[in-house]
Every structure is written in C-alpha cells, then in structure tokens.
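Make the full structure from the sequences, and use the hints.
In the UniProt record's numbering, the protein residues as written are 1 to 433.
Careful, some of the hints might be misleading.
What the hints assert, rightly or not - Lysine-lysine pairs mimicking DSS-like chemistry, simulated, CA-CA at most 27 Å apart: (1) LYS52 x LYS30; (2) LYS156 x LYS185; (3) LYS248 x LYS185; (4) LYS185 x LYS52; (5) LYS163 x LYS30.
Keep in mind that the hints were calculated from the coordinates and are not lab data.
It should be emphasised that the depicted structure is a prediction, and the values quoted were computed from it without experimental measurement.
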Amino acid sequence: MRSTASILHLDLDAFFAAVEQRDKPSLRGKPVIVGGTGGRGVVSTASYEARKYGVGSAMSTREARARCPHAAFLSGRFHAYRDTSRRVMQVLRELSPLVEPLSLDEAFVDLAAAGLPDLEVATVTEAGAELRRRVQEVTGGLTATVGIASSKFLAKVASELDKPDGMTVVPPGTELDLLRPMRVKVIPGVGPATAERLRRAGIHTVAELEAVSEDELVRLLGQAQGHGLWQLARAQDSRPVVAEREAKSISVEGTYDSDLTDRRLMEGLLTRQAREVGARMRKNGSSGRTVTIKVRLHDFTTLSRSSTLTSPTDDGATIARIARALLADLDTTGGVRLLGVGVSGLADWVQEDLFGESGEDEEDEVVIPEPPRRTWPPGADVVHDEMGAGWVWGSGAGVVTVRFETADTPPGPVRSFRADDPALHRLEPPAED
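Okay, structure coming up:
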C-alpha cells in the first residue's frame, strides 16, 4: 500500500442509461432500462430513476418490467457507448500516462505519474474535481464518481461511497477506519456463497474479518482466497496500475430465444464459436492451452467444463473438437439457453500440428438457423427523409413508432410508420477501425 492517496478510480454513473438520456431529451429525468428487451432479456444498466423501483443490473427484464412498467426499455446502442468511452479514456490519459481501463465505464488512474506538484490530499482532491469537470464537458453532460486512495482496492471502495456524481478521497492512514464498519461483501471476491460461509463463522464486517487469523481463513475458504481476504481485510493491496491489461482468456458465447434441445445443433454452435475464438487468437498473435465450455440450462443452472492441452493452440478446429467432447459429458435433455467456448492459459507461441491433423474441421457443416433480426429495436437511431433524425419508440404488427429528437433538440414529436416505409432508415453505426 502506498504512503500517498495516488490511485484514482473513476466510474461513469449509470453509463449506458445516461448516454441514452443524453441523446434522447424526452427521457431525461425518467426511468430508463438498457438491456435485452425480449422475454429472456437481462438488464445491463438502469438509470437512477429506475433504481428507485428496485431495478438493477443482471435482473431479468421480466422482473424489471414488473417493478417499473412505465420505464423506457431500450436495447442499447454500443457504438454510442464506445464513442463516449473513448472520449473519457482520452481525458484520463491526458491526466496520466498510466490508465488501466476495466470496462467502457470505469478505469484506474495512477496520479503518481500525472506530474502533479505533490500528492498531498488537497492536490489530488483538486485533480479529481477537475477530472470530473472535464469528463462532464467532453461527454455532453455525463457524470462520474471518483474515489482516490492509497491502493486500487480502497480507490474502488471509495468510488462507491458518494454515487452518483460525487468524490471520496481516503487520506493515508485512515484506510482501516473506513473499512472496518463495512460489510464483508465490500471486498472483491466475496460473493453470496463466500459471504454465507463467513456468516456461518460469525463474520459479518471487515472488522470481524480482520480479527480472524490467516490460518483460520485458509481453513474456511482455501489457500488463495483465504490469504487474499486476510490481506484485504488489513487494507493490504500493492497491485500497480497497469496501462496495458493483457487478456486472460478469449471467449465467445450466445444466448438463444428458445431452448436448444437438438444435440447436433448445439455441436454446430460450439463449432462456429470455436472457429471465431481461434480467429481472434490468431489476430491477436496468441494461443492457449485450456479450452472451456459454458452451458446454461433451461432452469438457469450454469455448468462449465474444461480440458487442458499439453501445448498451446490457436486452431479453431482443435478447439471445436475439444468443446464438442466436453459437451458430450453434460446432460442437456432439458434444454439449453446459453452456450459458450473460451480458451485461457494464453501464450504467444503455438505448437504446430498438435494432433497431426489438418487445421480444417472435416465434419459436415451444421446448418445453424439464425434468429430473426429485429429490424426496429427500441432505442435504435433512425432517420426519416422528411422528419429527420430520431429513435425507435416501439414496433410491432408491421408498424414502427419514432420520436424525432436528438441530443441537441428539445423533446420531439412522435410519429408512426409502416415498418417497410421506404422513407424510414436505420442509422448504421460507423465501422470500427
């Protein structure tokens, strides 16, 4: 742990929903929920107006609709989120060369590399306030919450304390005073199962966790987790801010609108995913030894199976053969709603001709039915030849309803058109570099 509060964690507030409210004036100040809008959808982000009704990330869309039926349910516009994220990350890199993005909406920043006159609390507080102002400026009004502390762990914790649009600086020497009253779930890696095991041992707060010996924690939770929690309960975290974070795995997965029961179809999906994983690995110049499949059953039970090779590979056909073999060990008779393939144990070299076979998969190609693409998903950007730019309010029964407004206009009018109206067009996002 550092002797100065010089690690900053920035978290954009309700990011996806905030971008939608920025670009859709009629939704400002109203509940907005971004995620899958179908019967099996999952909430990705809920605006703070929706959170008042108990809606949160990872909740099923069905439950979210029950809790907040008057919210705007949008399918998401990832090109808009990526563009906004890039602007924010550029601002962070202007402050310090050491920026470690964790996702589109959060990152660590090393203030020790920022060229500040000193790292006193007043100085880093001023830097954090200016950073929040700049983020709001370059994003068109989005807010961010900032935590500044002597370690990544404490900075992350601090950024959760004053949401939304706030900042918390933890002065050096006060870290344990902050942590001790908190519930153990504040520590990364303490999920529901670990929290329950700790509860049964009479451990509810960080202070109570701190009082437990390392040997006892290792006995309760295992070597790696027990040792890690023992350290974090004492605010011990020496992880540096790493500007380039190497991927630990490469994976592809898909969720399906109806349960899959055809075994051959599942094998075909895994084969296609494995080929995509292999293509990504070759593009990145990496290879891996451990192949893992992820299977979510009809009852939401999630299973995973892995197999480790003696040497790394980037061959999609090899990955596919292993994935299909792993699937054969699972009982999927009740139906599958999610399939995925991943490769971990990444390396930068490949053992050629691993099994003495060609890289091509010689099995017959499985014909995989594609789900129908929604032409007018809610929230999508559109333009009408006469009315101009707007977004999809809703669609169905051959009709699409559009609200004509943008981030730079007042709330606009709503009009309905035939779904095949030649004057109405989807605005396709710009191609990625």
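Comparing the hints with the structure gives:
1. LYS52 x LYS30: holds, 11 Å
2. LYS156 x LYS185: This hinted pair holds, its Cα atoms lying about 13 Å apart.
3. LYS248 x LYS185: holds, 25 Å
4. LYS185 x LYS52: Answer holds: LYS185 to LYS52 is near 22 Å, not above 27 Å.
5. LYS163 x LYS30: holds, 18 Å
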